[in-house]
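Construct all of the structure, not just a fragment, from the sequences and the given hints.
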Amino acid sequence: MNYNTIDEANRAVLDKIVGSQPFLVDVVPAKSVISELNNGKVILHAGPPIKWEDMTGPMQGSCVGAALFEEWADNEDDARNMLANGEVEFIPCHHVNAVGPMGGITTANFPVFVVENRSEGNEAYCIMNEGIGKVLRFGAFSEEVINRLIWMRDVLGPTLSKALKIKGDGLNLNVMIAKAITMGDEFHQRNIAASLIFLKEVAPLIVQIEGLSDKDQQDVLQFLADTDQFFLNVMMAASKAVMDGARKVQDGTVVTAMCRNGKDFGIRISGMGDQWFTAPVNTPQGLFFTGYSQEDANTDIGDSAITETIGVGGFAMIAAPGVTRFVGAGGFDDALKTSNEMLEICIDQNPNWAIPTWDFQGACLGIDARKVVETGIEPVINTGIAHKQAGLGQIGAGTVRAPLACFEKAIEAYAEKLGLI
Amino acid sequence: MLHTIIKKNSYQDSVNLMLLTNAVSVIEGVEKIQVMMGTPANKDILSAAGLYTDELADAGANDMCIVLDTDNEEKVDEVLAAVDEYLNNQAISKSGNDFETVRTFDKAMKTMPDANLAVISVAGQYAANEADKALDNGLNVFMFSDNVSFEDERRLKEKAHDKGLLVMGPDCGTGVISGIPIAFTNVVKEGNIGIVGASGTGIQEVTTIIDRLGGGVVHALGTGGRDLSDKIGAITMMDAIKALENHNPTEVITIISKPPAKEVRDRVVQLLRSLSKPVVTIFLGEKPEKHEGNVYQAYTLEETARISVDLAKGNEIKEDYNAVDVAVDNVQLTPEQTSIKGFYSGGTLGYEAATLLSDALSLEKGKAAEGFLLQANGHEIADLGDDIYTQGKPHPMIDPDTRVNFMEKAADDESTAVVLFDVVLGYGSHSDMAGALLPSIQRIKSNVEAKGRNVYFVATVCGTEQDPQDYQDQRQKLEQAGVIVRDSNNQAVRTALSIIGLTVNDVKKQHVEYTGEVAQEDLSISPELDKLINSKPVVVNIGLKSFTEPVVKYGGRVVHYDWRPVAGGNERMAKILNLLNSYSK
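The listed protein sequences derive, respectively, from chains A and D.
Position 11 (the first sequence) corresponds to 11 in the working numbering; numbering is contiguous.
Count along the second sequence starting at 1, add 1000, and that's the number in the working numbering.
Please keep in mind that the hints were generated in silico from the structure rather than gathered at the bench.
For glycine and all other residues, C-beta sits at the position ideal for the given N, C-alpha and C.
Take the hints with a grain of salt, since some may be wrong.
[To be verified] Over 10 Å on every C-beta distance to chain D, these chain A residues come out as not near it, computed from the model:
no., residue
1, P29
2, K31
3, G57
4, A73
5, L199
6, D219
7, G273
[Claimed, not checked] Heads up, incomplete: computed chain A residues facing chain D, CB under 10 Å, no partners named:
no., residue
8, I6
9, I132
10, K134
11, Y292
12, G322
13, K337
14, T375
[To be verified] Quick list of the computed label-pair ranges, beta carbon to beta carbon:
no., chain 1, residue 1, chain 2, residue 2, range
15, D, D1098, A, P351, 22 to 32 Å
16, D, N1009, A, A225, 18 to 28 Å
17, D, N1009, A, T283, 31 to 41 Å
This is the structure we're talking about:
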């Protein structure tokens, strides 16, 4: 251990988080930045490692969609056979500097955001948001879904890439996040303000792109204007970049990742490097579209809890009181209660992201696994809810808790590593 | 059949509409309903749910679409009315508290950085640890928790003393700090009397009598019942006495103690003699024969209160406060009925009863069985707040059951002439103990009367007009049930004695000058203690949430720490946390 006490080590991790400088610099095909995707048929997925047969419906559906998109197969049955017979290698997004929402399914030709953390010189990647309705991340793989992915690969991705190149030095995400948090976003359930800020930044760049057809320009701008959650995936990549930069401090008990694969919830802590500490996931509770109920809900899934890891999402409920209503008839007081409760398991508050509705207190900063175990307060995560059957997509939204056992295992392992037990 | 209502240009956010959908889907006769804005994605969802209608084609993203499936056309209007009502009444009623609730000590201190008092009511095994944290954070400690070891008590009190802080307790049930009632406490008018007491119900009896006599109490600092033992050496009491000496509004200092260790008692009295203020003392069990110098010595709690009030008002001190006319007319008892059975919820009140009975009966201090303060010649005084009665059961100040059982047994005993008991009011006590005891007392009385006997019920109500319960109403309820109610425990016990023809041998006390040596004491106090007694306490309440109530009501500030055992009581995890927290390279 390079620090005198755990508190000191944790402080060092926090300093790196606060001092981070994430910039959105490009949108590129995943294979160009993630070398693992060039070795045969490889699928990245959300959460800690999982086998095909253990994946829940939506994640399997996403894999089928990815196989169709990559033209490894041209029908569902062939795709499923291929995925089941070991021909395809599965790797967690987190193992290759990436994160992915819901199923998190990412293959070679998905366009990904590239976020560069200039304070630490590291990068992180995340696929782009497809909008709502029938979408791959919730396990849908109809023709409409695949066609949209192809359009994102051929039009949206390259267009945003060109726009960012015109900008030159990338988009300063800290600034955009700081603005949007004052406009009511918590960056998991609600990203509309940040998405509009994003559109405001890129629209003037997009219209400068030479040779972009009017139709493509119109389609791209319309898609960005329609997609309220577009910034979520940017935020995820930014959070991943920042947390990966911070966990270069290889000591302490700060939680550096939280993610779910539908079967297990996994966390990492700063002092234990790449090791996952897992426990069975919970099922989100929330509001459902008509015709669906809690019984249809898939278990908790996705890497998007990286937003809670960095201190927003459920932790910043107070910034977006409207979101609280997903947990029932909650009001402002419930939002306040939620953020105050989460503050109890965090070490400090992030001065970069002041929340007006919280008397300008900074967002939560640095979940301490020790505090989670001490208080028994499990981190709260705002999340979309997928139907447990593949292809039916999103059926609601709500909240879910990270299981305590992950944190117990993590601090136990760390105490062992320090030779304390 | 599907019906469609489109509200043009009526935007609501999607969460709101999901809640609205839930609210209207319970309307009887509506098979299915969905309310959504008319965006293309939402239209897909509606069609997936089998709720797509042609009317939706014209709806845009700013139009609210209500699609319902019902066979009853009239339901459409009902739904529309319900939707409008929901949208018009979206404000959420605020369930605001006057204080914040936190889950860690750190957060409590962040929420209230100027906190100066921790009120601890967690289970005994955890209490010392919380007290340590409080002291480390510069807080005085009011420790309601019991089952704290002598070793911990001594260590904590020494640590507090070194830091210039005060540890009140453990097992400190009651207190008043700068007029604010803490824990199980009566609401007493503020005044110029300051109390230090090593006895919870002793403090309650003295403060309530002072209040009813028109006096007032500014501080009642509990020390915990063991403070005057030789193992503790009155660490808290001596610091508290010095604090009151330095507190200008305190003009009379009143000391209440259960039977102390001799040398500790003498040490305390030596300190008292060096004070500039008049002092009233009661060391329960002692029967003083004079007042000496600035120290006035009382035999009963009532006398303690009366002397304090007379001193506080500048009245002359009388020779005798105890002998009062308590005769009961026309007593009718069988020759077998010779004994008094006392069932107390207040331990010190029971102790006082046992002392007065022993005095009247000229009994030597004998051994009584556990849970009893006196057992002799058929007389019994039981402390129903003793651990042996409260394990797994609520305290008798909260629950009448144990007492009713004892009363029934006593009434069956043909030797019983008098059943003596207390009703203690104040925060924390039963909201209507008289009412709760009433049916049983009436039943017991009529049962024994049917057997041709009279059993006299004599009670005292310890409380004030300001208490959350209604003092007069409690008295009246008891009187209506035929209970003889007295103003003090002293008078109640004497009433019981007079019924069986006994009296206490009272001593008339003269005031004499003190001629002995007065030691030079360092009477200075720390800035922390000075702040505690000169301002309203700022409280971190750790444990029982109800303790926040009197603090808020009487103008103190409080943050409630919703305490739980570390790691939910998982000992292995608690140990690992401890190792990690104390790790240093």
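Hints, verified against the model:
1. P29: Since the minimum Cβ distance to chain D is about 27 Å, A:P29 lies beyond 10 Å and the statement holds.
2. K31: holds (30 Å)
3. G57: holds (16 Å)
4. A73: holds (26 Å)
5. L199: holds (16 Å)
6. D219: The claim stands: A:D219 keeps its Cβ more than 10 Å from every Cβ of chain D (closest is about 14 Å).
7. G273: holds (17 Å)
8. I6: holds (6 Å)
9. I132: holds (5 Å)
10. K134: Interface hint status for A:K134: holds (7 Å vs cutoff 10 Å).
11. Y292: holds (8 Å)
12. G322: holds (6 Å)
13. K337: holds (8 Å)
14. T375: Status holds, d = 5 Å.
15. D:D1098 / A:P351: 22 to 32 Å: holds (30 Å)
16. D:N1009 / A:A225: 18 to 28 Å: With Cβ atoms ~19 Å apart, the hint holds.
17. D:N1009 / A:T283: 31 to 41 Å: Given about 38 Å between the Cβ atoms, the range holds.
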